[in-house]
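Chains as they are written, first to last, in full-length UniProt numbering: chain A, 1 to 725; chain B, 1 to 721.
If you're looking for bench data, these hints aren't it; they were derived computationally from the structure.
Treat the hints with care, as some may be off.
[What the hints assert, rightly or not] Result set (SDA-like, lysine to any residue): computed pairs, CA atoms no more than 20 Å apart in a straight line: (1) A:K196 / A:D165; (2) B:K661 / A:V63; (3) A:K339 / B:K475; (4) B:K622 / A:V63; (5) A:K339 / B:P478.
[As the list claims (entries may be wrong)] Chain A is nowhere near these chain B residues, computed Cβ spacing over 10 Å in every case: (6) H133; (7) S152; (8) L343; (9) F386; (10) V402; (11) P404; (12) V458; (13) H486; (14) I541; (15) C596; (16) E668; (17) S690; (18) R699.
Each residue gets a CB set at the ideal place from its N, CA and C atoms; glycine is no exception.
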Amino acid sequence: MDGDQTPEEQIEIGDQEQNPQLDDNVELTIAFKFSLDQRVMEGCIISAVLEPRGQSTIVAVSVTNKIIIKDTEASLNITETIRCIAAAPFGEGYDCIIIGTDASVICYDVHNNLTVFRNDVPDGVNCFAYGKLGDNEEAIYCGGNCCIWGFDRYGANTYWTVTGDQVTTMCLSDYDGDGETELVIGSPDFEIRVFKNDLMRAELMETDEITSLSHVAAGCFAYSLNNGTIGTYVLKERQWRIKSKSNVSKIFNFEEEGLMVVVWKQGKVDLRFAHNGEVLSRHSVSNIVASATLMKRGDEDMVTVVGLDGKITGFQIQKATHGAIDKTQQLIREFGQKKHNLMMELSNYEQEEQLTEQERAGDFRIPADTDVAVLFVVNCESQLLSLRVEASHDIPIRGVLIFAEGLFDGESYIWIPPNEHQSRSTIDIPLVIDKDSTNDLHTKVFLGHVDSNKLMVMENTRILPRFCRFTLLKDEYAKFFFMPTGYIKFEINTKAAKLSDWVQESFTIDSSLVEMFDDAEGEFKFMGLRPKHDQSLMFKISHAQKTFEIYHDSIETMGAIVQSYASFFQIQDMECVAHFPDVFKEATEILEELEPMTEVRDRLTAELQERQTAVREVIIRAEDAIAIDNIPDARKCYIRLKANDAAARQAANLRIFQKYSEIFRWNNQDRCVKSLRRLNKIIENCARLRVGEPGRQIVSSCRSAISEDNKQIITKVLQYGASSQ
Amino acid sequence: MQNYTRTDYAQVGTTNRGCMRVIPADKDKDYDLIVVGGQNGSLICLSRKSNDTTIIFKTQPGPPIQSLALGGPASSKKKDKIFVASQNTVRGVNRKGKTFFSMETNMAEVANRMFVRGLDVVLTGRKSYSRYHDTVDSNNYLCTEDIHDVVSLVFEEAWGNREYTSVLACGNSTLQVIEGNKFDYEVRLDSIPFTVALYMGDGGHTKVLVLYGTKTGRLGLASVPQGSGKVLWEISTTSTACVTTIVCYSVTGGQFPDIIVGKEDGLIEIYTIDETDHAQLFGTFPCEESITGISCGNVASKTETDIIVCTFTGWLFSLAKTSRPMIENLPVAANFNVKMQQLRSEVEELQVKVNEERTRYEQITKTQGGGAGSTFFHSFQVHESFDYSAPHGAYNLTIELVIPIDFVVVQSQLPIRLMEVEKNASVVSEVRQDALNPWPLLASYRCQANVCRLELRVQANEGDWGIINLYVCPKIMPKCAQITTHFIRALSSHQRTHDFDMYRPLNILQFTGTFSIAEAHAWLHHLLPNVPSKCPPADTITNNYACAANGGTQLQVVYSKGSAVFRSDCMSTISIIRDKVSEQTMKMQIRVEVACELNHDSIDHCLKLIDPKLSEMLDIEKQKMFASALKELESNNDDVFSFLSPANAKLLRDHDEIYQKSEGINIEESGVLAVFENLALSRAKLTGKSTKGKVEAIRNLVENDYSLENMKALFKKMGNE
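From just these sequences and the hints, can you work out the full model?
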């Protein structure tokens with residue numbers, strides 16, 4: 001017994017249907033254990049069938065950057081730093097290992113001992129997903145830095161698109177239930193993005209970095225976050241989520257649809273229902289988990305968990321032996337606990353009635369109709385948005401606790417006065433927010449007299465608007481308006497009838513003022529709030545010309561405003577004219593810089609390879625000669641190498657050159673990659689200024705322009721959209 | 001104890017320690033009964049028949065029941081009379097629920113613990129011990145320390161000329177043996193005993209063996225014959241939580257009765273005993289609430305023994321072997337469904353009632369406008385403990401409520417670090433200290449569903465003192481919270497010991513002036529843990545301490561009216577005391593003379609004490625690096641062992657163990673660096689020298705080229721600067 005059976009979380013009973021689910025009694029039991037006898041790199045474990053008609057086996061990456069295959073002596077050396085591996089059925093009835101390094105994707109066929117293909121991927125690969133995406137052929141999808149590549153079995157590039165941030169995890173799942181799979185990717189910027197082919201279908205804002213994604217059932221995928229949250233999305237909607245303090249190592253679905261396995265880094269293994277997250281069975285391993293996978297043993301799928309120390313534990317799922325007893329007991333207990341809680345509450349009400357006035361007075365009680373107001377206020381002078389908490393009857397506020405996922409460093413913000421006697425009945429808590437995202441603020445306000453250690457807690461929930469950092473400019477604060485240089489201009493869609501609804505939901509604005517947004521003509525200035533205090537926003541609306549212009553300098557925020565606008569009014573496609581001179585200039589610069597950089601890189605690599613080959617050839621010949629005991633020939637070769645002054649010098653030079661070029665190449669490469677990353681980001685940002693098809697076209701036209709070396713056109717596309725060509 | 005299952009019997013409301021017993025059945029064919037006394041003063045007697053719990057009797061609520069014992073005439077073997085202590089009265093209740101006996105004692109304190117045997121009733125309060133023979137006050141003793149538990153030796157024939165003898169578990173880490181009215185001798189332990197029990201239920205074959213369980217989770221056996229006693233053995237249990245209950249009963253079917261231990265963290269452990277009286281761990285069973293009582297008997301089965309457990313929050317359940325025939329253990333499906341339905345409707349009914357009350361409450365708040373009337377609090381009990389744990393080098397803080405906890409806010413005046421506790425599954429979030437947030441630590445713990453018990457661990461710097469406030473908020477309507485306060489002492493890693501080695505190089509700090517002994521005692525109370533809040537009645541008081549964090553330096557405090565002398569081989573300790581006591585005397589405006597006599601040999605001595613700890617950590621780090629390098633060599637070569645030196649070959653073979661050992665070792669977090677730094681800084685401070693650059697120099701040495709000699713040289717150099 002490991003003391004580890006603490007229920008991490010429990011799903012509330014009672015509200016659900018009446019199904020004790022005694023039939024679903026399955027449990028995880030340990031089936032096998034062995035060790036790879038190597039320390040393993042985190043995340044780099046797969047199971048694969050490496051031979052025709054072979055058994056599935058474990059492939060892992062050791063911390064020494066080697067690929068180790070279970071039960072084989074040899075390990076594979078890869079010169080570049082490995083970041084991830086995957087298996088793809090590219091062989092004739094067996095799997096090839098796909099290796100993602102910091103510079104390329106390598107497809108290796110173990111059976112034939114050959115590299116099937118090796119493609120350069122600038123900036124490296126972080127994760128893989130194999131399968132069929134939409135109407136594309138099956139391919140291996142590689143998530144890199146701000147971009148995604150797809151390669152077919154021959155290594156041909158079949159897919160490319162850009163995204164807003166690094167791709168840390170991917171899966172293929174039917175997100176919208178239309179029968180076609182979409183590509184779901186997760187990034188450190190808290191967003192899950194869904195691509196239908198190369199069109200971004202949806203952005204799902206989460207509350208922390210996305211750490212893993214997995215398809216678990218038809219129309220359903222599971223996700224995990226860095227802050228310990230796991231959950232599922234079913235047909236576009238989040239079905240459930242649970243937060244715990246541990247971190248997820250891996251999630252995958254288990255044979256039957258509807259079951260998912262969650263493996264936690266700290267060693268816990270849960271089997272859960274995908275539809276509600278309820279745990280069917282738990283087990284654990286004692287080591288820290290590197291990763292986990294499903295491995296076939298015979299006909300049975302085994303949950304195989306690999307620790308950082310290389311120790312492997314396999315779990316099988318079988319009918320529970322004495323789980324039934326535990327389950328009924330647990331159910332009885334839960335009811336007992338519930339009953340007990342209710343009894344406690346009831347007895348408290350009873351007790352209250354028995355108390356005398358005097359006893360009540362001794363408790364430092366607060367008036368019964370005390371009310372707490374929680375509202376957003378703006379201090380224009382300091383351009384600061386605050387949450388104001390105000391208690392009636394001058395009751396001192398002894399503390400405020402705000403729970404909001406992803407808004408603060410942790411999940412909460414707490415305010416407690418420096419000492420009890422400084423408690424006031426009105427408190428302003430500044431909100432300095434780094435992201436454009438809507439958020440629920442769950443506030444708990446502690447009320448009580450300064451000498452009391454018993455406090456009333458008032459609960460309240462406020463929704464923070466997505467663009468809360470903008471508030472309508474008041475005339476007297478015109479000094480805080482800085483006319484932006486960037487703007488976009490688009491046609492007003494007929495669906496966007498009542499602009500005021502969207503404005504009220506999305507900006508910090510007094511509800512009495514929103515009606516003017518429905519006027520036929522107007523110029524609306526917004527003041528930026530900290531940390532956006534030096535960036536202003538302006539709407540210019542003209543219903544006569546059917547144009548809507550938005551002026552703002554941050555292209556990211558602009559993209560977010562466009563997307564929010566479109567989704568609020570359910571606009572499918574929207575083209576626009578964008579004007580971001582700085583961004584476009586940067587794009588042009590990168591493109592100009594990129595050309596010579598790639599050229600230099602190519603030339604260096606080619607020269608280097610040529611010379612290396614020459615020297616290698618002489619040496620190999622010499623060694624071959626020794627091997628077949630042909631000493632004279634060998635001597636000849638060595639003499640040629642030695643005697644030939646030029647050759648010797650060449651070898652020496654080569655070595656120096658190699659060193660030099662290594663450094664040069666590295667510098668060059670690094671810069672090249674950074675520029676590329678930035679370019680991808682710019683393309684993605686510009687695509688987000690459009691909605692639907694026009695947005696997708698931006699990406700695809702830019703891609704073809706780059707590959708066709710038609711670079712002049714790119715800024716034009718970014719500015720006027722793909723249809724401008 | 002994998003094959004043991006838990007069966008819940010009832011929820012009886014909060015209970016105190018030792019308030020539940022199994023009463024042996026009257027007739028052979030009957031099952032045993034359970035009796036439990038709650039904090040609400042009600043005594044409940046239950047029976048278990050065909051998987052259902054029936055109440056035999058239930059008395060009226062009253063003052064909280066502090067202790068419960070079974071007794072009976074000395075002549076009869078059967079002990080089925082229930083004795084209940086609450087406040088300062090003892091009542092006797094028979095198995096039918098009739099009170100047949102009541103005795104009001106003249107104790108000034110609440111009777112916390114009770115021991116009953118024949119006509120003798122032994123009661124202990126916080127500091128007092130009394131024995132009543134046939135309701136006549138026969139023996140009294142006033143202890144200087146807190147009494148945590150008591151037992152009396154029961155085998156009268158073994159007395160000889162010995163008077164009635166009891167063993168007290170005392171707060172100064174001793175077992176005190178009391179004969180008649182007088183203190184005979186004490187058995188010194190390393191930590192504070194919290195629970196004592198007679199070995200095998202009667203004192204073992206010599207009838208003078210007493211089991212004890214300590215606050216730090218150790219279990220031991222002491223022999224207490226006349227004249228002098230000794231500890232026979234002491235072992236660690238599976239966790240460091242306080243032992244709250246010890247019972248001897250044969251449950252594993254061995255030759256001797258087993259020892260069943262219940263602990264504050266909810267662990268139940270069974271130990272078997274061999275011929276040499278030594279204990280072997282048999283198994284553990286976790287239950288998530290702190291355990292207040294364990295008792296055994298044939299409650300639900302004639303053939304198998306049930307272990308009945310009672311928790312603080314009032315859950316009463318049995319642990320029984322799963323191998324028992326299903327029909328006995330588990331309600332058959334039909335039966336089960338009926339039961340579930342019953343429970344469900346009960347809960348629904350209650351829910352309706354509660355909803356009614358809630359609306360009523362809401363209406364009250366609405367109608368009574370204009371500030372009239374007042375809200376009310378759900379008063380809830382916060383059961384908590386706050387103790388320094390030497391192995392963790394941190395304070396363990398546990399909070400237990402009878403209702404599920406929603407969240408807890410921790411607010412600290414002094415910089416503390418929250419440490420990871422594996423059992424604690426709640427989500428923690430800290431708020432940084434800045435212009436708006438003056439608190440060095442402010443954090444929230446949001447609990448998962450149905451969590452009634454929360455365990456936290458906080459680490460403070462030696463020398464810092466101050467208050468930690470907890471805002472505890474349960475999941476109950478209307479929402480309310482309670483603040484509880486804890487104090488972190490400046491020398492928290494010091495523990496009371498019995499001995500002091502005068503031959504070590506000692507630094508002496510002396511305060512003289514016009515202060516009373518009580519004032520000096522108050523300083524101590526703020527400085528050191530486990531100092532009684534009241535000053536003991538004596539002219540001169542001497543206390544000894546050892547530090548758990550720095551390899552074991554010691555401290556002796558001698559204080560009397562107008563004088564307080566501190567002797568320690570550690571300059572850091574002396575420096576902290578000087579600062580803190582001066583702070584106190586300034587605040588209270590007491591004039592004191594301070595004399596400080598430093599012994600510079602103590603520096604080398606301290607370095608030597610901490611050396612093994614640091615060396616071990618550095619060694620493992622080094623071994624780990626070697627082992628991983630060798631591992632790579634192995635994977636590239638066919639037969640590495642053919643050319644490796646024996647030392648390296650061993651490292652390679654031990655690769656896994658080395659890694660395992662190195663897990664959880666972190667020099668930065670271990671506090672070892674702080675020991676060196678504090679020592680250097682305190683010396684500089686005490687001798688009035690600059691403290692600049694010292695920390696960096698020490699860190700640099702530890703990282704790059706540590707050896708005891710090098711460290712000594714560095715300190716020597718710094719001292720001469």
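Given the proposed pairing of K622 (chain B) with V63 (chain A), does the C-alpha separation stay at or below 20 Å?
-> Between K622 (chain B) and V63 (chain A) the Cα gap is close to 18 Å, so the pair holds against 20 Å.
Against chain A, does E668 (chain B) hold up as non-interface, every C-beta pair farther apart than 10 Å?
-> holds (19 Å)
Is the Cα-Cα distance between K661 (chain B) and V63 (chain A) 20 Å or less?
-> Distance ~19 Å between K661 (chain B) and V63 (chain A) Cα, so the pair holds.
Compute the least Cβ-Cβ separation between R699 (chain B) and chain A, then decide whether it is above 10 Å.
-> holds (28 Å)
Over 10 Å to the closest beta carbon of chain A is the bar; see if C596 (chain B) clears it.
-> holds (34 Å)
Is it correct that the beta-carbon of P404 (chain B) has no partner in chain A closer than or equal to 10 Å?
-> The assertion about P404 (chain B) is violated, with a minimum of 7 Å to chain A.
Say whether it holds or is violated: H133 (chain B) keeps its Cβ farther than 10 Å from all Cβ of chain A.
-> It holds; H133 (chain B) is separated from chain A by about 41 Å at its closest Cβ, greater than 10 Å.
Claimed clearance of chain A by V402 (chain B), with the beta carbon kept past 10 Å | Violated, since 6 Å does not exceed 10 Å.
Given as non-interface: S690 (chain B), which should sit over 10 Å from chain A by C-beta | Its Cβ never comes within 10 Å of chain A, the nearest being 33 Å, so this holds.
Least C-beta distance between H486 (chain B) and chain A, which was stated to exceed 10 Å | H486 (chain B) is indeed farther than 10 Å from all Cβ atoms of chain A, at 13 Å.
Should the label of S152 (chain B) as a non-interface residue stand, given a Cβ cut-off of 10 Å to chain A?
-> holds (35 Å)
Is it correct that the beta-carbon of V458 (chain B) has no partner in chain A closer than or equal to 10 Å?
-> holds (16 Å)
In this structure, the hints that do not hold are numbers 8, 10, 11, in rising order.
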